[in-house]
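Visitor: Got chain A; can you put chain B on it based on the hints?
What follows is each chain in one-letter form.
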Amino acid sequence: MPTFSRGGLMSDVSAGAVEQHAPPQSFVRKHVFSVDHKVIGKQYYALALVAVFVGMALSWLMRIHLVWPNAPIPGLQLLSKIGAPGGVMTPEYYLSLLTMHGTLMVFFVLTNAPFAAFGNYFLPIQIGAEDMAFPRFNMMSFWITFVAFCILVAAFFVPDGPPISGWTAYAPLSAVGSDAGPGEGLGQTLWGLSIFVFCIASLLGSLNFIATTLDLRTKGMTLARMPICTWAWFITSCIALLAFAVLLPACLLLILDRVAGTSFFIPAGLVVSDRLQPHSGGSPLLWQHLFWFFGHPEVYIAILPAMGIISHILINSMRRPLLSHRVIIYCMMGIGFLSYMVWGHHMFVSGMNPFSSLLFSFPTLMITIPATIMTLIWLGSLYGSRLRITAASLFALGFISMFVSGGVSGFFLAQPSIDIYLHATYFVVGHFHMVMGVAAIFGVFAGTYFWFPKMTGRMMSDSLGKLHFWLTFVGTYSIFMPFHYLGLAGNVRRYSAFVDDFLVPLIPVHRFITFAALLTGAAQLIFFYNLIHSRFRGEPAPPNPWECTSLEWTMPSPPPFDNFGGNHPVVYHDPYQYGVKSSTGDYLMQDSPEQAGA
Amino acid sequence: MMTTIPPPEIEPTESLLDGGKSGGGGLLHLGPVDVKRKAVDDPSPEPVRTGIWVGLAAITMSFAAFTSALVVRQSTANDWRHLTIPPIVFLNTGVLLVSSVTLEVARRRVARYVRSKDGKRAAPLLWLSATLLLGLIFVGGQYAGWLQLRAQGLYLATNPNSSFFYVLTAMHALHVLGGLIGLARVIYKLREPVLSLRRSTMDATSYYWHFMGILWLYLLLVVWMKL
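Protein sequences appear in the order of chains A and B.
Counting in the numbering used here, the first sequence runs from 1 upward without gaps.
Counting in the numbering used here, the second sequence runs from 1 upward without gaps.
Mixed in with the good hints, there may be bad ones.
Said to hold, decoys possible - Sample of chain A residues at the chain B side, in silico, Cβ under 10 Å:
{"hint": "1", "residue": "Leu247"}
{"hint": "2", "residue": "Leu256"}
{"hint": "3", "residue": "Leu286"}
{"hint": "4", "residue": "Leu290"}
Keep in mind the hints are simulated off the structure, nothing from the lab.
Heads up, the beta-carbon is just placed ideally off N, CA and C, and yes, glycines get one too.
Next comes chain A alone, as it looks inside the complex (with noise of 0.2 Å):
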């Protein structure tokens, strides 16, 4: 097998390649501002944890509302008193919620937990570097990215809440200021400040990903070499170096609209609660074209990493590498490259030339090719093979499954005539969050079930995990899928209360998925337990309890504070060496001298 484009050469890992540090011995440097890649990726992890569970409780509390809307929601008054007046949320303040919902789940959730966090604990062990190139930027990065969480979070506790214009802050609502509604003032600005600043974090984070990817490759750990997951990790950081650094700039012009008085997307002649806006000529689109050409990009960066993950996972399981190793990288590349040209489709209804949406769409098809190889290589390989059945396997199976259902509705998005009618309705929520959401987040259960013994050095249990698998798969199906009828009833999204004579039929529906949404919500908290208890009280975890080949289980659990403790491996082998006959039994490991038998 020919080697990529390094032509064999391999990075020589040696004293001088990182900056060296030593263990430290503070608690504040060991685990609050530390440089070791496994604590960052740990502390992305928690902050995911948080902001998840933050998100999920918004959740619940718009799905409560949405279908008893004058029902009080007790405390929810000591929330926002002018939001929420004796625990009757205002449709405004549904609005907020369901804005820091999206924005919490997509950054701080969908981007930091299957890149950011296991990217950064796996990926450097698993080229057998001994940390990232820049330890310090990473350091950076976390709290770079924490500052930005705690800025976002604080728009609840300014005098009018958060903002109410979505998690895509469409401009001209979220430039003109508190005009144009509560949580248009300070609450849209800090929304604008932090993801400017999570921008910053992400770009540091990418460039330490792609530098520690090229330059920091133990011995013969060839660029083929690289398990699936590293080069998911890799290519995300691809797309998100460019993605972000649109997004950044995007971000500053919107705070200069809000706050310096300049019209970079605000029209002229706007008149908005009565009041005409002082601006001049701006474009309202330019943001969705900014926006959209981060935020298409950004739905891969939240899915490829989970499939890297959920294919290292299903090759182990299988015990057999997959159909083609190669051919599914080329496929994420593929799709990383065509992320970039399809951001338009979001945009068909936008009052965009019709012809430029004919040209987005067609880009948007092509993608679908990649996946679906990429689908067909996952069920080929899993067909006939004998797949050991754990919590971290079914939620592998369960991202493909959630990734074709989730994927299929978007033959029908990409196509602007059909779009035309199913925009901004429930269809199009149940395809993204099927499709990102969900599918991302089962990549990362995947690989919480999967690498926790080896973070902590306790397993998980597996009994727990597989009810927390059945509980989330048929809830989350039960949740999303009747969204996609509700789409085709024509159910506008963003809607705080179902009045109309053609919605109110809908209600029962409704109400099915708010139940299904607080049972699937609950049995998250056996996850949770599973994830606590077993980090204090699991079976203390061997070094390598799955046999798996990739370098990360040639060292103890959890791994020393060097990785390798000073030496560094050598990698003879292709990262998926299974199904052979070896002294170890049905696997070679890839830092392992020995050949493997027929």
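Guide: Just chain B now, with coordinates in the frame of chain A:
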């Protein structure tokens, strides 16, 4: 995929010190190294070198976004008012270009200093300081340019042209300030009794600085043609 690639030949670790074969060594590996300069000659791979290119790619993308915003904004505008570029900006351009030349001289002087056993660091320090000074003059000059624009009554929010002028030049100046911090770091490292300046750090700093010059020429062209 099941094939096992024969293991690559592994060079003994000693070869890492003989220079040039792996990673970002190049120019400065010349045989046995004296301890004082070992840090400079260490030929192990230099993520800094990759990192700087990746960083420049991100910066390029950001300014591409600014440019496309400008083009879109202009196409929809009925409030486009051309502005006269403050004359001092052209002087600043000259200063920035000269600073690239002084930095290139400095880079060669650093290399020469490291090569020769009894080299003096005064010359490279002088050239580096000159670059730093020119950089500071550039940023000061840009500030003077903003003052000139303000004197004409053109503020950030006056019209889209002035908005873009301030945003583009300020973002560039901010990046130049980052470069100045990098230069100050190089000077600091060069002054240390035991030389800790790595060749890759010197190179990365200079790539960044030259890139700032190229980026500025591009921005000046955009400002001149569009604003």
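Visitor: Hints numbered earlier in the text: which of these fail when held up against the supplied structure?
Guide: none
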